[in-house]
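Same order as they appear, the protein sequences are chains A and B.
Residue 8 is where the first sequence starts when you use this note's numbering, and the numbers rise one by one after that.
Residue 558 is where the second sequence starts when you use this note's numbering, and the numbers rise one by one after that.
By construction, these hints were calculated from the structure, which means they are not laboratory data.
What you are looking at is a predicted structure, and each value in this text was computed from that prediction instead of being measured.
Errors might be hidden in some of the hints.
Straight line, CA to CA, 20 Å or less: simulated EDC-like cross-link-like pairs of lysine to aspartate or glutamate [stated by the list, open to error]:
(1) B:K561 <-> B:E629
(2) A:K381 <-> A:E333
(3) A:K381 <-> B:E574
(4) A:K87 <-> A:E77
(5) A:K381 <-> B:D585
(6) B:K561 <-> B:D610
(7) A:K381 <-> B:E629
(8) A:K207 <-> A:E192
(9) A:K381 <-> B:D577
(10) A:K248 <-> A:D222
(11) A:K219 <-> A:D242
(12) A:K381 <-> A:E371
(13) B:K561 <-> B:D626
(14) A:K372 <-> A:E313
(15) B:K561 <-> B:D621
(16) A:K381 <-> B:D610
(17) A:K381 <-> B:D583
(18) A:K381 <-> A:E338
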Amino acid sequence: MTSGPRCHDAAREEPRAAGSSAPALRSLYFYLTQGCNLRCRHCWLAPQFQTAAKQYAALPPDLFRRILGEAKPLGLSGVKLTGGEPLLHPDIGALLEILQDEQLRFSMETNGVLCTPELARDLVRSGMHHVSVSLDGADAQTHEWVRGVEGCFEAALRGVRNLVAAGIRPQIIMSLMRRNAGQVEPLVRLAESLGASSVKFNLVQPTARGEKLRDSGEGLDVGEMIGLGRRIENDLARTAKIRLFYSHPVAFRPLGRIFGENGDCGVCGIRGVLGVLADGSYALCGIGEHVPELVFGQAGRDGLAEVWGGNPVLRQIREGMPRRLEGVCGECLMKGVCFGSCIAQNYYRSRSLWAPFWFCEEAEKAGLFPGSRKAATDARQERNRPMTDCQCAG
Amino acid sequence: MDVKKPIANPLIVLREEFDDWAILFDPDTGNAFGLNPTGVFIWKLLDGRHNPDDIVNRLREEADNVPEDAGEHARRFIASLEQQGLVGYEIEQGPGAGTGVRG
Ligand code: SF4
Ligand code: SF4
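The shape of chain B in the complex, shown without the other chains (with noise of 0.2 Å):
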């Protein structure tokens, strides 16, 4: 089974801010993204060594009254930065298989 551990995109910078929110921006286009401390606390384990279900446990394990949906909104916000180009993913298949970077 491929098990998708997504990566930030190198180039972006995140931005935090003192009320926990962050500006995402791409220094070459300008374009900016605002995130909110959850999605800052996600972007920080996007690092190709987490897969959603990792997240969602480690959300779990920081943060009180998670809800029981929280993977699905992880899987959405993810699928939602891999859509603008702010994350691709690793694909590893199984032991012994090569990996694979796709974004």
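Here chain A stands alone, though its shape is the one from the complex (with noise of 0.2 Å):
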């Protein structure tokens, strides 16, 4: 026996925002640029191509402050830098002495290109815990089609390397698509020997470039998606010397990688948190950038404690997530931890907050969605069979 019996509740008790009836506000997404010194032809943000002569907005220091103070009364205990590009902030050792002075640790997601040595000390010392990377191909010629600029391989390369360097190993995030496929592992090879701690696989949205990819056939369907998932997780993952993930939903996950000792639990945690964007709007997260109905308030006009508390749109989600999620997420038996994997994904495609999530929509379509995971309406005929059934021989 290598654990003790567990039985895990997808429901749990959440912590209240002080004075409030809303959960605790746990996490703030600051999107600190509009720009981004990549092209990406899968990003579901598509900021703006930033160059030396072209500028764009970048979240004010003096106003990050002040979100800072509004949301710690409601129980914020940590944030996650990203972007655009997080790095590319003109700001952003300011940033990191009012994370440090705020006593937050924080997180961050970046193409690495822009992370000098001295940045990378810095970053660690203000208090960051945890740092994605992203690389999409094992050579410069996979990752720069991916990523639209020339040199940006050996220079994220260089500033995996500096974050190592100061302390941190980052953990790597490849995109899939038809391009690199077949890069896989030799990606997780070249993330072993720059010292990374694990890799990620995502998943394209359709969301912005992420859907004129797709559109463009560029993408995998979700046959090679599910395929490719289970060889990372049950082949590549035996023989990697760092950890794996796979961002497949929840339903395609095995149970001992979502419960398990160090398992993933999967559960969405949408629930407390809210996206900033970087001219200061409060938004659902960064699809604030496309669609203006999930943008909530502006930082600085609008308290911070009446957008999370009063926002209609929120109040939502937080009465009818995961009950009145609809399509195949209203019959998943996983919907209790997972929320339908992307509020912001299923609204952006269908303008409704309980349409079902892209990915498994097309998996049920083509037959394979897993039966196990849903709540199927011969549920009451497996319920009667009698107990000796399911007894254990011996």
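Combine both chains into one complex, guided by the hints.
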């Protein structure tokens, strides 16, 4: 016996924001810059391409400090810095000082290109506990085909090495598409040799440029994605020296990988997270760049406590999730942990908060959705089986 | 002395998967729970004929390296199932006494 018996309940008690019926606002995701130094083919945010000659807005440090000050009494315990590209922020040093003053641990998603040795040391000193760096190919040709800027492969590798030298082992993130699907294993070996802690494989979401990529036939179909996930989780994970994560929805993950020791529980954090865009807008997440009705207010003008506690869309999500999910998500036994995978993505496609997630919907249509994870109509017969049917041999 | 013999709620469905984990779910509410392999083993013995000591003894017969405190773990596990309405239990009050079922 390796572990004691455990029963994992999806619906856990949530802490509340002080003096409010809203859940605690555990984390803010800061989309710090409107511009980005890369122009990736699959990007769901599709920021403006920023060069020395053309600059775009970035979140002012004063506003950043003010937002953190308003968020702490609501339960804030961590922050994620993302973009565009967070290291492109002209005052990144000032933001790091604020985080250090506020003693807030943070994570960061970066393309790694601008991560100098000094910046890497500053990031670690300021309380960064997790960083992910995107690498979409094991060679320059593939990575740069995806990322649209010459020289960004070597620059990203330097960034990873600088982070490792500063004392933090980054997670490598690879977004999977037809062009790089054959490079999964070489990429894992590259990540191992660089000193990364893990590799996470992301599915390209059909949002913004990701939608165009899929429409152009460069995306993988759902059967290919499921097959690749099995190979990665069942075969490659056995020989890899670092941990591998495959971002398919929870229904496709073995239960032991969700709930077991060191499992990735898959619980969607959306009930405790709010996005802040580079112009200071509060939004569900970066999707607010494309969907105005998922922008909930403006930092500085609107109090964060009122936005978090009173916004009708946020309240609707809290009240209806996961009960109101529709389609295959409505039938799914994992909906209490998964919450339909990504409300932002689901809303973007259908303009409904309760629409099913595209991946599971396509899998269901193709007959590939795992039957054991669905509340099938024959469940009543299943449960009427006598208990002796379930007894263990011996 | 009362001897509790837990009984799995017959309305709950156990779905076993390839890795010996399983999902317990209530088809009426859609509520679902993940069970690890030890939990599955115990669930299958919640038939009103085994008390927690019997169940741990069966576990020791079947599995290696069962820890000393397995009885305590098993009791806590059964209590958590009971709390979630997944399990009730039968009370035997000695020879000749009536049998009550609680849940
Ligand atoms: S994926 Fe990241 S690095 Fe690429 S364009 Fe989008 S924000 Fe920039
Ligand atoms: S069907 Fe919906 S709730 Fe279930 S795993 Fe897929 S996305 Fe998540």
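Outcome of the hint check:
| no. | hint | in the structure |
| --- | --- | --- |
| 1 | B:K561 <-> B:E629 | 14 Å, holds |
| 2 | A:K381 <-> A:E333 | 13 Å, holds |
| 3 | A:K381 <-> B:E574 | 13 Å, holds |
| 4 | A:K87 <-> A:E77 | 16 Å, holds |
| 5 | A:K381 <-> B:D585 | 13 Å, holds |
| 6 | B:K561 <-> B:D610 | 10 Å, holds |
| 7 | A:K381 <-> B:E629 | 33 Å, violated |
| 8 | A:K207 <-> A:E192 | 12 Å, holds |
| 9 | A:K381 <-> B:D577 | 18 Å, holds |
| 10 | A:K248 <-> A:D222 | 36 Å, violated |
| 11 | A:K219 <-> A:D242 | 31 Å, violated |
| 12 | A:K381 <-> A:E371 | 10 Å, holds |
| 13 | B:K561 <-> B:D626 | 19 Å, holds |
| 14 | A:K372 <-> A:E313 | 42 Å, violated |
| 15 | B:K561 <-> B:D621 | 26 Å, violated |
| 16 | A:K381 <-> B:D610 | 34 Å, violated |
| 17 | A:K381 <-> B:D583 | 12 Å, holds |
| 18 | A:K381 <-> A:E338 | 6 Å, holds |
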